[in-house]
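Single-letter residue listing:
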Amino acid sequence: MWLPLLGLILGISLGLLTDIQIPKIYESYLSIAVLAALDTLFGGIRAQLQHVYDDKVFVSGFFFNIALAAALAFLGVHLGVDLYLAAIFAFGVRLFQNIAVIRRILLTKWSERKNA
Amino acid sequence: MKRTVYIRFTIILLIVGFMLSVQYNTVQNPETRDTRDIWAIRQELAKETELHSELLSEVRVLEQTIGKYENMVNESPKIALNDTVEQLEREIGLDDVNSPGLMITVEPSLESMIVGQAIEEISPDLLVRLINEINRFKAKAVEVDGKRIIYSSAIRDVNGKTTVNNLAIRHAPFNIKIGTSTYEDAKKMYNQLEASAIGDDFYIDNLRLVIGEPQHSMSISAYDQTVSKQFLQEVPGGE
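Chains as they are written, first to last, in our numbering: chain G, 1 to 116; chain X, 1001 to 1239.
Derived by calculation from the structure, the hints in this document are not laboratory data. These numbers were taken from a predicted model, which means no experiment stands behind them. Don't take each hint at face value.
[Claimed, not checked] Computed list of lysine-lysine pairs in PhoX-like fashion (alpha-carbon distance at most 25 angstroms, straight line):
#1 X:K1187 with X:K1047
#2 G:K56 with X:K1047
#3 X:K1188 with X:K1047
#4 G:K109 with X:K1002
#5 X:K1140 with X:K1047
#6 X:K1187 with X:K1138
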């Protein structure tokens, strides 16, 4: 349990300490990539809890989703249509769904343990 | 099995954390770009160099004063102090000045005289603009219609009359005397004033600037009112 948390803290401190900044025009790409990464992450946690977790699906999904979101944003910029909103919407909805499922599973587990 | 899952999650979370903090950095402290081109930077450099040399010359003057004090401290400190007081009075304009300079005459414009328009007073804004323009060309002393301009001189509208040092100035024509450090400076000032667009601003108000030839010697009267001291206080004698 503590290992993934350590990874998160390490990643955040690495980013903050190196003080890396990206140009303003790529800001929207990064924000959408962050959203895609979070979506995949919660999807992975849900899959793990539902015992359907697959390594390949998780890792490929992570990178593919990020690439797809960035590509959609890129296309949107060049077409003059805010296509990144579509990606934000899709990822946002999935994020909420995943979190809801995780919550339900945890609640069921908790009540089962309480009854047992 | 479980161990590899944890490692995968750790790596993914590391990447997510890194991306989050980079995004945070970018949003919180946006990089301000330096958009000055080489000429803007050069100009700023020139300005700083000028300031540097001005400060250096000021330091030299102050060092001279210190040297004078050190020499005279045994003989007569009073002379040295009087010297300094005189110098300070000269600098802020409490002394008559006799120096090279030039005289500007503000006259009604020919057109307004021909048409027969009433001659209007010079507006405080226009006078302030002219004084600023003159000071920009490094004037040493300025006198407007017999009223010496010092650091605290107020040029303003009092009941519809334009005043300098709280004294009303005449309708055109009247004179503005400008004192400079050297005759060369006076010549330079003449050329700069001739070239500047300030004459056009006067023309809008039906006035005309006649810029006189530079002169070798010109007397400018002292500021004749009391200077209000805001911060300095007199030390009682004997202390």
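Taking the hints in turn, this is what the structure says about them:
1. X:K1187 with X:K1047: holds, 23 angstroms
2. G:K56 with X:K1047: violated, 64 angstroms
3. X:K1188 with X:K1047: Answer holds: K1188 (chain X) to K1047 (chain X) is near 20 angstroms, not above 25 angstroms.
4. G:K109 with X:K1002: holds, 19 angstroms
5. X:K1140 with X:K1047: Distance ~20 angstroms between K1140 (chain X) and K1047 (chain X) Cα, so the pair holds.
6. X:K1187 with X:K1138: holds, 12 angstroms
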